[in-house]
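Please construct the entire structure, taking both the sequences and the accompanying hints into account.
Residue numbers (the working numbering), protein chains in the order written: chain A, 20 to 430; chain B, 1204 to 1349.
These are computed hints drawn from the structure, not numbers from a lab. Hints are all accurate, no fakes.
Here are the simulated DSSO-like pairs of lysine-lysine, each with C-alpha atoms no more than 27 angstroms apart in a straight line: (1) A:K425 / B:K1317; (2) A:K71 / B:K1317; (3) A:K44 / A:K55; (4) A:K425 / B:K1271; (5) B:K1271 / A:K55; (6) B:K1281 / B:K1271; (7) A:K71 / A:K55; (8) B:K1317 / A:K409; (9) B:K1281 / A:K44; (10) B:K1239 / B:K1317; (11) B:K1205 / B:K1271; (12) A:K156 / A:K232; (13) A:K55 / A:K96; (14) B:K1317 / B:K1271; (15) A:K409 / B:K1254; (16) A:K106 / A:K96; (17) B:K1281 / A:K71; (18) A:K55 / A:K156; (19) A:K425 / B:K1205; (20) A:K409 / A:K371; (21) B:K1281 / B:K1205; (22) A:K71 / B:K1271; (23) A:K106 / A:K55; (24) B:K1281 / A:K425; (25) A:K44 / B:K1271; (26) A:K71 / A:K186; (27) A:K156 / A:K96; (28) A:K161 / A:K232; (29) A:K186 / A:K241; (30) A:K71 / A:K156; (31) A:K55 / A:K21; (32) A:K371 / A:K425; (33) A:K96 / A:K44; (34) A:K425 / B:K1254; (35) A:K186 / A:K161.
Just so you know, these numbers come straight off a predicted model, no measurement behind them.
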Amino acid sequence: MKQYVIIGNGVAAAHCIEGIRSADKETPVTVVSAEKHPVYCRPLISYYLEGKTAPERMNYRPADFYQNNGCTVLYGKSAAAIDPNKKEVRLNDGSVLPYTALCVATGAAPFVPPTEGLDSVERQFTFLTLDDAISLKQAATKESRVLIVGAGLIGLKCAEGLHPLVKEITVCDLADRVLSSILDHDCAARMQTQLERHGIRFLLSDTAVRYEKNTAFMKSGKTVDFDLLVLAVGVRANTALIRDCGGEAQRGILVDERMRTSLPDVYAAGDCTQGTDASIGQPRVLAILPNDALQGRCAGVNMAGGNAVFDNAIPMNAIGFFGLHALSAGSDCGGEVYEETDAQHLKRLYLKDNRLTGFMLIGDTTRAGIYTSLIREQTPLDSLDFERLKRTPTTTAFAANERRHKFGGAV
Amino acid sequence: MKRIYVNEDWCLGCHLCEYNCAFANSGEQDMALALKDKPLYPRIHIEEGDKICYAVSCRHCTDPLCVKSCIAAALQMKDGVITVDQSRCVGCLTCVLVCPYGALAPNENGVMQKCELCLQNACGAPACVQGCPNRAIVYEERGTAE
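Here you go:
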């Protein structure tokens, strides 16, 4: 019997289901969901902490989504192994799912560095799932002192979300700046100042080397007393299923522009993958929601015999804390930089070989997507009025025929 | 599907569409009451360049990047029309980051709003089109690109 199997039940899986159904309305789909929730908006977990949303508004798809799409979801189950020769997935309960085509959408898991005394910390949390957020919210009180290990996006969004709930928050990170994987020094300093203005304390170039119950002993010799510990050092792509059965994986499961892995009829999508970053032309893990969606869709279409290609993935990050927003896309490829800065705003455009390869905007983020489209479409800058465009993102900078095509033609 | 199209040769740059848009979405009966002495948050805006100007609002893309990128599933496509469920939006601006037309912007509270073709408000058809003095903005069927 024909059957599609999807391992994972996040955003990539939801789009994979829709991709399959765009090409094949009949064949059953089975979804293996380790989390006991229907697909939800994972990036909202910090907004849930601060009360800006609630679980009943965090569903990513309507309640009848799986039923309407002919899917069986196995909640609380996880995949133990893939047999690519027999085309079967073995689950942790010993049952076996044969597949016609398989999509691995296993996401990523928190990386928790082994640290002396961590076992003695009674109330410790990671921050990646809705259940993590629910437990953390239950534990937080107006008297809580929180130590967050990791000043990346997960750690800092957690800090912002906890801010109205707790007494004090300290964030430490081995890096010398916040959001070190996304922001350069200047931009990081601005975001750090914004967080500090709201009382969040930072210990940078520093981390906990030992814990003793409610005390962290830092590399610098300082000590931090806390009631709640959040471990947000980073995440790692869940690649083991593919690796263990002989498939290719590096930092993520290797996929091509059709989301095929190195194994026949096995696709992968979402945060577990490593595809090509089109802004640098190099393989890279791009664990961002738009990418999960676009990859999932592409994988689903191809699993069902269609012919979809997704070959313009680029980094895109919308980061905001307490009302200060930083939008960035693409990469700094070491070419020319156009810059405008003042106390409130920052703009950097990264240019190379007649292309916009990346940008960073802090403060004024109006119409940033016009810049993003130039990166994704690799538009030659000499085909438009770049002198105008670099000052303000505007479609008037495009050539007249291009404008007419964009605004007057068929959509 | 009927969409809003602009003819930049006919646009006078009068910005009436912005006022009509803000009024149509204000829920008020009286235009002065709705807009007077208040900052304007229209869902259409005039782009002005060298000797050209034209109105830009959501294109209602057939393959909308904003909908696929929305972290809150607030942006949704129903019968080809892209709408925003403001009760779900958390104002992260990911849609601003990805829209190639610059057609989305937050309201005064940081919640996203966008052109919904006036199908959700009392107008029932695009107010920008009805009020355009030079008929530079039209609402019509022009087919779908390949």
